[in-house]
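A.B. asks: Chain by chain, the residues run as shown.
There are 2 protein chains.
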Amino acid sequence: MHIDLNRSGSKTLPHQISETLSQRISSGLLQQGVRLPSVRSLAITLNVSQVTVSKAYDMLEKRGLIYCRQGKGCFVADPTHNRRQEEGCWQDLYDDYLPRAQLWRNFDVSEVKYPFHLAAIHSELLPLQDIGDTYASLVKEQPELMATYGNFQGDLELRNVMREHLKSRGISLTSSDLMITSGTQQGIDLVARTFVGPGDTVYLEAPSYTGAIDVFAGRGAEMIFVPTDSEGMRVDVLTKMCDQRPPKLIYTIPTFQNPSGVTMSITRRQRLLELARSYRCLIVEDDPFSDLYFHAPPPRAIKSMDPDGHVVYMKSFSKVLAPGCRIACVAAEGNILSRLIAAKSASDLGSPLLTQKAVLPFIAEKYDAYAAQLRITLRGRMEKAAKLLKLYAPPGVNYILPEGGLNLWLELPPSPDIASLHDLAEQESISFLPGDVCYSAETPSRHIRLCYSQMKESEMEEGLQRFLRVLGRFLQ
Amino acid sequence: MHIDLNRSGSKTLPHQISETLSQRISSGLLQQGVRLPSVRSLAITLNVSQVTVSKAYDMLEKRGLIYCRQGKGCFVADPTHNRRQEEGCWQDLYDDYLPRAQLWRNFDVSEVKYPFHLAAIHSELLPLQDIGDTYASLVKEQPELMATYGNFQGDLELRNVMREHLKSRGISLTSSDLMITSGTQQGIDLVARTFVGPGDTVYLEAPSYTGAIDVFAGRGAEMIFVPTDSEGMRVDVLTKMCDQRPPKLIYTIPTFQNPSGVTMSITRRQRLLELARSYRCLIVEDDPFSDLYFHAPPPRAIKSMDPDGHVVYMKSFSKVLAPGCRIACVAAEGNILSRLIAAKSASDLGSPLLTQKAVLPFIAEKYDAYAAQLRITLRGRMEKAAKLLKLYAPPGVNYILPEGGLNLWLELPPSPDIASLHDLAEQESISFLPGDVCYSAETPSRHIRLCYSQMKESEMEEGLQRFLRVLGRFLQ
Chain A
1 MHIDLNRSGS KTLPHQISET LSQRISSGLL QQGVRLPSVR SLAITLNVSQ VTVSKAYDML
61 EKRGLIYCRQ GKGCFVADPT HNRRQEEGCW QDLYDDYLPR AQLWRNFDVS EVKYPFHLAA
121 IHSELLPLQD IGDTYASLVK EQPELMATYG NFQGDLELRN VMREHLKSRG ISLTSSDLMI
181 TSGTQQGIDL VARTFVGPGD TVYLEAPSYT GAIDVFAGRG AEMIFVPTDS EGMRVDVLTK
241 MCDQRPPKLI YTIPTFQNPS GVTMSITRRQ RLLELARSYR CLIVEDDPFS DLYFHAPPPR
301 AIKSMDPDGH VVYMKSFSKV LAPGCRIACV AAEGNILSRL IAAKSASDLG SPLLTQKAVL
361 PFIAEKYDAY AAQLRITLRG RMEKAAKLLK LYAPPGVNYI LPEGGLNLWL ELPPSPDIAS
421 LHDLAEQESI SFLPGDVCYS AETPSRHIRL CYSQMKESEM EEGLQRFLRV LGRFLQ
Chain B
1 MHIDLNRSGS KTLPHQISET LSQRISSGLL QQGVRLPSVR SLAITLNVSQ VTVSKAYDML
61 EKRGLIYCRQ GKGCFVADPT HNRRQEEGCW QDLYDDYLPR AQLWRNFDVS EVKYPFHLAA
121 IHSELLPLQD IGDTYASLVK EQPELMATYG NFQGDLELRN VMREHLKSRG ISLTSSDLMI
181 TSGTQQGIDL VARTFVGPGD TVYLEAPSYT GAIDVFAGRG AEMIFVPTDS EGMRVDVLTK
241 MCDQRPPKLI YTIPTFQNPS GVTMSITRRQ RLLELARSYR CLIVEDDPFS DLYFHAPPPR
301 AIKSMDPDGH VVYMKSFSKV LAPGCRIACV AAEGNILSRL IAAKSASDLG SPLLTQKAVL
361 PFIAEKYDAY AAQLRITLRG RMEKAAKLLK LYAPPGVNYI LPEGGLNLWL ELPPSPDIAS
421 LHDLAEQESI SFLPGDVCYS AETPSRHIRL CYSQMKESEM EEGLQRFLRV LGRFLQ
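Respectively, the protein sequence lines represent chains A and B. FYI, in the UniProt record's numbering the residues of the first sequence are 1 to 476. FYI, in the UniProt record's numbering the residues of the second sequence are 1 to 476.
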């Protein structure tokens, strides 16, 4: 398998190898019982000494992730002890470039009754009838929309609507500075494939969004997680870190951050932009939640203060309108944007035109009134969840109530076995997101993320109570 | 800028650097007047000597692609001689990983009246009303489809339909061996990002599909183009090439190949599969056209003969049903497929569920009858085009009439200046695809590709006559 090694990095080579293998195992990319490459062959593939690979395998064996048998090789451990020693089909030895896949592992459509792991809004709250009506009239009146490859950059009429939308939020750009992507996930992926490569330094908040981490890991980036406090990313700490390792890119979710819920102060936003300008690097400003505030509107977007194109701003409409439509807007200027459009063309030849046209009238005419109502509803839900937490959260469980967004971020008492908690919850048909997938490597996290908006209100309340009981039993 | 150099490759380093820069210029990624990095800084970035970079710049200057000024640096040439010497904004120096983008350059929605460059089927021939009716009833009866993140692998019900579809074409798999992608372009991209990395050898037919070349180039692959004859890829030649450079992957469009129209014989298909098995590598079998035969059905798919998962088979439904819907099916087994699904999750969190459901009933119930009728219609068009070619093609223009698919592949007399022809055609509001974008580097090609199914029949006839007149004038 392919592993991007950073020979001038702060971590030793055996450490880097064992971290990547551990991520591959925990993502399910390396399945239980599968034979790892021999020490000799992996050493040749990675161009390192056999001692280095042996050390990495030792680390993994000590952590119980693999086991080795004299003369037979090393195998991914099977926690049920029902050890298959597979012959190793040719496919197992066919190299890939996927260091981890925690999205795949943790987010795929789940069969649980209480899917707290998924940050989404319940379909009853979404404007599906409006969007559906537009679909119905478009397929009748303009069927050729289904037959047309859209513009790679995205439909111009929709970009005009997005331009006005962003303008009302302090971001003044032209339609030619905007691109439509299939969700923000694709936007992040396009930036990464275009501008990030092996060894490039990417700074992120600690913790950060799993899907972004997967993508940057896939590009072989050196990811560095910057501590945060109640004002968001510690830009002072980041500034010192940049002295050591200049940034290629800084990825941030400044508003109601995913997963922590924290919002970056306006001062830090300004400083972050100054830092990016002085290092001539990009900021990716991922903004799924700024319309979903519960009290005061959040500080203005970093992009609104960006005179010379250092910020690639991403606004998700999927989450708030209809996740299944997969529509997001990416704002960037100059040849940063044109290169992203080039990358978009190679990814999928452009997003479906019909869907772009289907969400357009709603965004143009009704979005703001809808968002105002949605804020009230979500705040109500959050307060219901808060009440339950106050009543039933076991002692030692800490949290800060979010000022917006969709998630609760709970800190458990030291050294919890989150995997066992996950299993226990699953037995009650409850899922949550383990905090460790919000970091790049085996950073032990005692956090978990719960979304309070993905179910009907009554189900959310029922599920949360049930989960807090499970948590109580678990912590005893 | 980043360039993947192959230090053990057959081409010299200056040659590799100049080829990549030339591709970036012809794709429009490097614009006229932009200053290239200094010799010193590019040498440091690429970890090569300054002499190597100087040689590369010399090659480009000799070809007229750049010009250098003592003390000022080297600039991308401006053929209109209206030379801007830009100050170089920070963005120009911000490194990327895009070696070329010919899709972006050549396929974006064009304003020409006769878009012969786009291989598509005119909307009047597509079953848009059927698909539109399904959309209309789905948004009414199951609006929650718009609210749901689909399964990353694709909707199970659609995969069941695809399974039956493939079974009727000799490919027997289970639904769990199939994945839905946003067009075949995304399928190719997923395979490349998962399994192809810098220096990996990818074999393709000479010529091949521009979009696949863009993708493999973006992964830093060493692409090798295998000669073809009337039976398709010369597998005997490929076998010898593999002795020198073992394949990581073989990309083929065996049926009515894009752009050449040639179909691979059954014997070659078998041999190609044997070769892949002996090298334990993957074949990507891209199949957009096998249902669009004009006389006899083409030989069976390579995938239908594949017992141990060496073939990733891709069937486009976009082209034949509704390009704007972006639906394709990828068939692969075991952990080849599971890794592709993991990559799909990081790319876009899955394809839109509503669209998957919207094409489903048509594929299940009406596709075969529709395809039978479409074959007759397309054959009629091709014959109309053939008649015009026979009457009006200037002497020295050669072609073989295709047995299926959507394209004509014309060979012009030696050493034509295709760029000038393109400009001439554009003046008459006609576009075509220049053959050189169907290769990886500056392979001079005297071919052009024309699609005869993208316009109304009368417009196609009018446009083709007009183009052949332009071509006649040009060749005089």
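In case anyone wonders, no lab produced these hints; they're calculated from the structure. It is possible that part of the hints are untrue.
Derived DMTMM-like pairs (lysine to aspartate or glutamate); straight-line CA-CA distance at most 25 Å [to be verified]:
1) K357/B to D133/A
2) K140/A to D133/B
3) K366/A to D417/B
4) K248/B to E426/A
5) K140/A to E19/B
6) K72/A to D92/A
7) K113/A to E365/A
These stretches of chain A come out as covered by chain B in the derived footprint (C-beta under 8 Å, 3 or more residues) [as the list claims (entries may be wrong)]:
8) 130-139
9) 157-168
10) 189-202
11) 224-234
Think of the CB as a built atom: it goes at the ideal place given N, C-alpha and C, for glycine as much as any other residue.
A.B. asks: Could you run down the list of hints and mark each one as holding or not?
C.D. replies: Structure-based check of each hint:
In summary, the hint linking K357/B to D133/A is supported, as the alpha carbons are separated by about 17 Å, within the 25 Å threshold. Between K140/A and D133/B the CA atoms are separated by roughly 8 Å; this keeps the pair inside 25 Å, and the hint holds. Distance restraint check for K366/A and D417/B: the Cα-Cα separation of roughly 53 Å exceeds the 25 Å cut-off, and the hinted pair is therefore not satisfied. Taking the CA atoms of K248/B and E426/A, the gap is about 41 Å. The hint is violated against a cut of 25 Å.
With a C-alpha separation of about 49 Å, the suggested pair K140/A and E19/B falls outside the 25 Å cut-off, and the hint is violated. Pair hint K72/A plus D92/A holds up; C-alpha atoms about 16 Å apart against a cutoff of 25 Å. Among the hinted pairs, K113/A with E365/A is inconsistent with the structure: their alpha-carbon atoms are about 35 Å apart, more than 25 Å. Coverage of the region 130-139 of chain A by chain B holds in this model, with 6 residues showing a Cβ closer than 8 Å to a Cβ of that chain against a need of three.
Coverage of the region 157-168 of chain A by chain B is violated in this model, with 0 residues showing a Cβ closer than 8 Å to a Cβ of that chain against a need of three. As drawn, the region 189-202 of chain A meets chain B at 6 residues by the rule of a beta-carbon pair under 8 Å; at three or more, the given contact holds. Only residues whose beta carbon comes within less than 8 Å of a beta carbon in chain B count, and the region 224-234 of chain A has 0; fewer than three means the coverage is violated.
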